[in-house]
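Asker: Using the sequences provided together with the hints, build the complete structure.
Taken in sequence, the protein lines are chains Y and A. Everything in the first sequence is counted per the working numbering, starting at 1 for the first residue and increasing by one. Everything in the second sequence is counted per the working numbering, starting at 1 for the first residue and increasing by one.
By construction, these hints were calculated from the structure, which means they are not laboratory data. None of these values were measured; they are calculated from a predicted model. Where is the CB? At the ideal position from N, CA and C, for every residue including glycine. One or more hints might be untrue.
Result set (DMTMM-like, lysine to aspartate or glutamate): computed pairs, CA atoms no more than 20 angstroms apart in a straight line [what the hints assert, rightly or not]:
| # | chain 1 | residue 1 | chain 2 | residue 2 |
| --- | --- | --- | --- | --- |
| 1 | A | K494 | Y | D336 |
| 2 | A | K421 | Y | D358 |
| 3 | A | K468 | Y | D311 |
| 4 | A | K214 | A | E365 |
Non-contacting residues of chain A with respect to chain Y, defined by C-beta distances greater than 10 angstroms in every case (computed) [claimed, not checked]:
| # | residue |
| --- | --- |
| 5 | H157 |
| 6 | V160 |
| 7 | Q169 |
| 8 | S285 |
| 9 | M412 |
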Amino acid sequence: MSMKKSKSASALKLGAIFLALYATGAIAAKDYLVTASRPNLVFVADAKERKVIKTHTIPNTSMGNSPITLVPSRDGKVAYVIHNRWESISGIDLDSGKEVFRAELSEGDIRGKAPFAMDLSPDGKELAVFVNPTRLLPGEYQVQDPYIAVYSTTGGVNAKPVRKLPTTRRVATLAYSTKGDTLYAYGWEMLKLDPQSGEVKGMHPWRSWQRDNRGEPDTLPIWPQWEQSKVFATPFYVASTDKPAGDPASLRAGIWTLDLEKDVVNYKEFENASVVLFSSVVNPVRRNEVYTVYTQLTRTDMESGKMDRVDLDHTYYNVNVSSDGEELYIGGTQGDIAVHDSRSLKKIGNIRTPNGADQVLTSLRVFTR
Amino acid sequence: MGINSRSHGKGRWLVPAMALIAPFIVSSAAAASAKAEALVSAKCGTCHAASEPGKWDRISDSRRTPEGWDMTVARMTYAHGVVLSGTERRDIVKYLADEHGLAPQETASYRYILDRSPSVIEHFEDEEIGQTCARCHSYGRIAVQRRTEGEWRKLVHFHVGQYPAIEIQAGGRDRNWFEIASGDVSQRLGKVYGLQSEAWKSWKETKHASPQGKWRLVGHRPGWGGYEGTATVSPGGDDTYRVDMRIKYANGKVENAKGSSILYAGHEWRAKLRQGDKDILQVFSLKEGGRELAGRWFEEGNDAIGGDFKAVRADGGTPVILSVQPAMARAGAKETLTINGVGLKGEVSLGPDVVVSKVVSRTLEQLVVEVEVARDAETGVRTVSLDGVSSDGALKVYRSIDLVKIVPAHPMARVGDGGGKLPKVPAQLEAVAYAAGADGKPGTDDDLRLGVVDAKWGLANLNEAAEKMRDLDFAGRIEPNGLFLPNEAGPNPKRVFSANNAGELLVTAAVQDGDRTVSAQAPLIVTVQRWNDPPIR
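Answerer: See below:
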């Protein structure tokens, strides 16, 4: 009896779980792309169908500007995006298009701007944003110390920071560890912050990264595209100080990664700098493979350093990858997202932005529902 | 060609701003100082508190050129909501440029940034300032401003507040830019380009000359050659003037020009004229106690095309030799030389080995002579002299052209039009001939610059990457007079990557010297549009 009871209870439980999963679409999980375009669009595309299925407008924004960093919630319900000349953050419900969250960074005589760095805590409850404030006095501007604003995602359309964390200047990437216990702030160094207090718990060296015959590395890490592999990756250039200027080997290119789960840094210099490398993504399945784009698509084997490269149709800024690691989605800067096979690197599809508008410097993100 | 088309909605600066500096409408009410001071108080004083009459917070802590003040005033209108009519803007700029301007010698080394000379390679007067400021804009832009140290520091704060990407973009992110710029570099700026100067103090105390009167002028327009002419400047009231010019080019073209000018700070001459079939802007300086007017003029909206200019008083009574055209004569040749100047009387001497065989024509302002140059004449400069006047080096005699250089040495053109908002920016190239100096070796310091010569122009791909991208097929073409015309802007579906028509070319100038050909090469970069093109770049 009790066994029976227990069995049926378990069956019931499983059924409930099944239903819950089904309701969230996890059973027939599909990859969706979410990104933005000029002047105020956030749109969702069915990755496999190569089709835009939802187009939403960001309300009350600067139409002469373009949205930048975009972060979807893990459940794919809401996308948070920096817009309005970097002075506002909106959370757009991806089903209804409704603005469910809004934070203004400027208030009173303070003009706050968020130049790129933003991430959502893994539980979706908090949004961390790097803010550069300036006090606008009648006759002058006064630069203030930057801070990391932490918002509750339940803050609504008049959200105020629940905390402000101290930070160094020039942070271009914020990334939560997968457990949510560390907030990485990538500026001069890759700092490990306590997301509650902002206390610096440690760091991975960047500026202070010392290697024989190497100068200070250079990167522009404004491309959050680690959601599939949970590995942050950025291309970098570094001077080879033992080579004379003019020697092709005097400037080297590589990929630098940080595993957001294991807190482990890896890097691979793989060539003399020969093309522009803008942003990188790690394959979530064949995890040694990193793909980097600009006018070429480059695949780098992080173990061997082996490199494969194909030309793209035009210049692109960002790249993301399907959950099965088979497809690459390449967007940014113009009016389309190219789909490439991650094995052959060949182009296998294309998705036009809703009105053909330029994606400029926004993020190209993948979520699964 | 499309290079002269005026574009619309190009941004905040560009043609409208330059045109405002030049008085295309002569306002009879170009305000007297007291009236302008009241205007500054009314329009600027709300935010910039006055500590005493004529002294406002920040405004009185810096000195700038007319263009510099206009950029600031323009920013106050688009960024801070100050509402100004065109006349008010001009009157405020006039007042500020007069009261808080720069002395002639303070901008002398940086005229190129005011007169929009194309393809100038800058040299930093101060390396630290250059590395902090001039990776994003010109060094000249800094060097034509004067501020207190505190005022320079406030400018740094403005930069980070207005352009937060400054700290993460290439050129800025390799250092603690804000800390450096607001620290040591502000201090350095306050020293090198500080507010107070003896030059300005004494210039302010000088009674400024009027440009009114008759002028004798010469100049050189790259692509067309030398020119000479006359100008009449008559008063229009309150430092404005009416200008009438007639200029004749060595290639036979004649242009009449008519327009008006404003004189800022007693020497900064800005004029807008209809010259031939183009509107042109003049950025000149009135020098030598009002005896000389010199600078560069350019087509409005197409500043790559223009010429240099020098004028002296035609009514001053002092004889002057302004130019000899052509300024070079080959040993053994017969040449017709035109000497331009003022008060040209008496017998002309052209130095050793150059004999005047015939006086073709003469007036007090121009003497045309046929000369014979001795076959064994030595290469070198000659002094040209007439009664009471001589000009060293006005004529060069040479045995052979030993070297040719292309100028500008690093030319740059920009794609444009093609449905976009900005016009093409051409590059006007010239071939300059040199003779080897006393050491007999071309390419050394004692080379003698002979002058601009005709050349046969050619283009090629500059390097392997250009070859691969077939830049030569897409970037543009060059006219027989050295005018490079770039192609249309925008992605080109016919190119790899749908790239635009930018390219890296190698330009060759082949100059004929007797039966020898002397060639020069230069890289020619065809790049993208300049989207933000303020009056001072």
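Asker: Next step is simple, just say for each hint if it's right about the structure.
Answerer: Hints and how they fare:
The hinted pair formed by A/K494 and Y/D336 meets the criterion: a straight-line CA distance of about 18 angstroms does not exceed 20 angstroms. The straight-line distance between the Cα atoms of A/K421 and Y/D358 is roughly 17 angstroms, inside the 20 angstroms bound, and the hint therefore holds. A C-alpha spacing of about 13 angstroms is found between A/K468 and Y/D311, which places the hinted pair at or below 20 angstroms, so the restraint holds. A threshold of 20 angstroms between alpha carbons decides the hint, and for A/K214 with A/E365 the separation of about 12 angstroms falls inside it, so the pair holds.
Consistency note on A/H157: stated as away from chain Y, yet its beta-carbon is not over 10 angstroms from all of that chain's, at 5 angstroms minimum. Against chain Y, the non-interface label of A/V160 is violated: not every CB pair exceeds 10 angstroms, the least being about 5 angstroms. The Cβ of A/Q169 sits about 8 angstroms from the closest Cβ of chain Y, inside the 10 angstroms cut-off, so the non-interface label is violated. The claim that A/S285 lies off the interface holds: its Cβ sits roughly 31 angstroms from the closest Cβ of chain Y, which is beyond the 10 angstroms cut-off.
With 10 angstroms as the threshold on Cβ separation, the claim that A/M412 sits away from chain Y holds: the shortest Cβ distance comes to roughly 20 angstroms.
Of the numbered hints stated above, those contradicted by the structure are hints 5, 6, 7, listed in ascending order.
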